[in-house]
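Sequence order for the protein chains is H and Y.
The numbering of the first sequence is numbering that gives the first Met the number 0, which starts it at 0 and goes up by one.
The numbering of the second sequence is numbering that gives the first Met the number 0, which starts it at 0 and goes up by one.
Mixed in with the good hints, there may be bad ones.
Unchecked claim - Taking CB as the label site, the calculated pair distances span: (1) F275(Y) with T310(H): 30 to 38 Å; (2) R27(H) with L35(Y): 54 to 62 Å; (3) F19(Y) with D276(H): 35 to 43 Å; (4) R27(H) with E154(Y): 48 to 56 Å; (5) F21(Y) with I45(H): 49 to 57 Å.
Unchecked claim - Just a sample of chain Y residues kept apart from chain H, beta carbon distances all over 12 Å, derived: (6) F57; (7) S63; (8) D69; (9) Q75; (10) I85; (11) P146; (12) W148; (13) L153; (14) E154; (15) E155; (16) D190; (17) L200; (18) N203; (19) G243; (20) R289; (21) R292.
Note that these hints are calculated values from the structure, not bench results.
We put the beta carbon where it would ideally sit given N, CA and C, even for glycine.
Here's the letter readout for the chains.
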Amino acid sequence: MAQVDTSGPMLDAAGVPLKLSLARAERRNRMRALALVLPLLAFILITFVYPIALMVFRGVDNPTVSEILPETAEMLRAWDGEGLPGDEIYDSMAREFAAAAKERSLGKVATRLNYELAGSRSLITKAGRNLRRLKTEPTKADLVALDKRWSEPETWSVMKRLAEPYTLSYYLAAIDKTYSVEGAIVDQPESRQIYVPLFLRTLWVSLLITALCVLLAYPIAYLMAILPTKTSNLLMILVLLPFWTSLLVRTSSWIVLLQTEGVLNDILVWTGIIGEDGRIQMIYNMTGTVVAMVHILLPFMVLPLFSVMKTISPSYMRAAKSLGATPARAFWTVYFPQTVPGIGAGSILVFILAIGYYITPALVGGRTGQLISNFIAYHMQQSLNWGLAAALGGILLAGVLALYWLYNRLVGIDNMKLG
Amino acid sequence: MATALPPYVGPMGKVWHYSFRFLCGLIFLFLILPILVIIPLSFNAEPYFTFSPGMLAFESTAYSTRWYQDILNNEQWLFSIKNSFIIAFFATFLATGLGTLAALGLSRSNLPGRGAIMGILISPMIVPLIISAAGMYFFYSGVCIPPEWSFGMLEERACLTQSFPGIILAHAALGTPFVVITVTATLVGFDHSLTRASASLGANPTTTFFKIIVPLILPGVISGALFAFITSFDEVVVVLFISGFEQRTVPRQMWAGIREQISPTILAVATMLIIFSVLLMTVLELLRRRNDRLRGVQES
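Full structure from sequences and hints, please.
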């Protein structure tokens, strides 16, 4: 038998101090937990987080001019931007225009300049077309002779901005601002201010949808909470079936129901409420977007509300009534405050989902029911102005992440309920 | 309804009681009617999206299964159904495997930086799909294999966009949050003395994992897998951005159908998808009951 030393620290079976061996075991456990999480974390970081970071970066990335006209871009960056640039910059640009036109890459520069200075695409394409035909090396004289805009400081201040490797102009465009000729940040002309109103409209529609969801979810969640489990389970099926049904199925149902030749209008005509020529336009506008989205997002509100209401003991209400409160007062002062966490959880979730919705507005929104996501898709797929799409996406993402953070603080992600 | 009104309720109370029930009935109708209305319309003999007079009179000639035959005879639909299943199967497999492992790690209280990690792992569920899709498009179109690296399998440069692996990876990423959430929820009530008991009886960690942990968390894993499956099966935004013609899925085909040539074939497909989701829901409910039973939760 080993002598037990009571004066020193407690030792474990191997003779290591207990504290140390405990710390070691805990570290091993921590590492084991980390090792289990690591594969998924790496997977999400690579296939999800990095691509999104890449997209946000595209909103400030400005590589076109630096890549296609490298020498000119460098000289423009060194130029002080006062008045007109020196002859050597003109010469270099004329030379590189001709070279880029031969490689057919000048179109990108033209598109890029056009984003900054509407209507200036032709300025570049014309220069490219004419300069590449010259037998001799093109110079300033050739360039200036093509268009008087090459002698205007305005054109050059924009070109200097384009020569920078990074730009704020996409993010500025996304909030309806632009650079003036002097390089100051100013509002877009009123007729071209579309994104701020669009963001506001998206916010307002999302708020409306959230409010409608609370109004519709509250009664049915309450009913399910007070009914016996057997009955409420049956009613729960009516909530969960839409939840589990394909989004496109639900959207097409609303088209079937609401279109002018659809079921609802047929019923209204048949019952004589409206005439054959008075069919109501209920879809392909903002009404269609709101109705279909409330239907799609309603289960996300019912589920958290129900799970909160189920935990509220009916004896509170009974106690309030026995103390003389009217049913309305008992509900408002005793029951309702206890359901506020459920309303909060559901509302943030529904709002987050509504604000970035794409499919439903795209299919049933028509021209007036489009939200910010639809414009991101438009710039991604049709106008191909990826920088602006990235900037709009970056702003939307920042908003969503702020709400996500709030949701996590108030509700906790762990408490998210799925069916 | 099940709860009878107590005898002391006055006339105002009665009016309130029944009008409240009526209101709730209307809301439930709003939830379920759009889904139910599609089913009879998919048997419409006419190529219309509304009930014909014959259908309302229940004439048998007004009903037909022609739109279902349409699907079976249409190679594009069959092709997209096959693609959807292939993509959803592999995406679910990947998401469930990675998600379950991560949930096991997350349920240990001593994981450093747990809150931040959880926040990142759940983010694919929160970030608007249009942003995820745009980001994935930029990223995947840059991840390419030149033909000389492919051991003769490729004739030209292949990228993750317009490829099955690309969509599977994207869908797996979108599906993992559901697996993480459902499995962590199952693990909340997990009794860790069971694993210690198993270890003290001489089982090594692998045996303990497969014999003790897996059977207990299986309901959560399966319901997470079903969520991941339906997420992939129903996903259209990412598919719109990164898939090519060869990877056409059912939702992509429906999207095109709704936008371009709207025909009742869509309603037939929709009906099939509704039946599919009813099946999934039933499985999920059975699993939930089993899970409650295993954890000793009483139905109150």
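* Hints not upheld, ascending by number -> none
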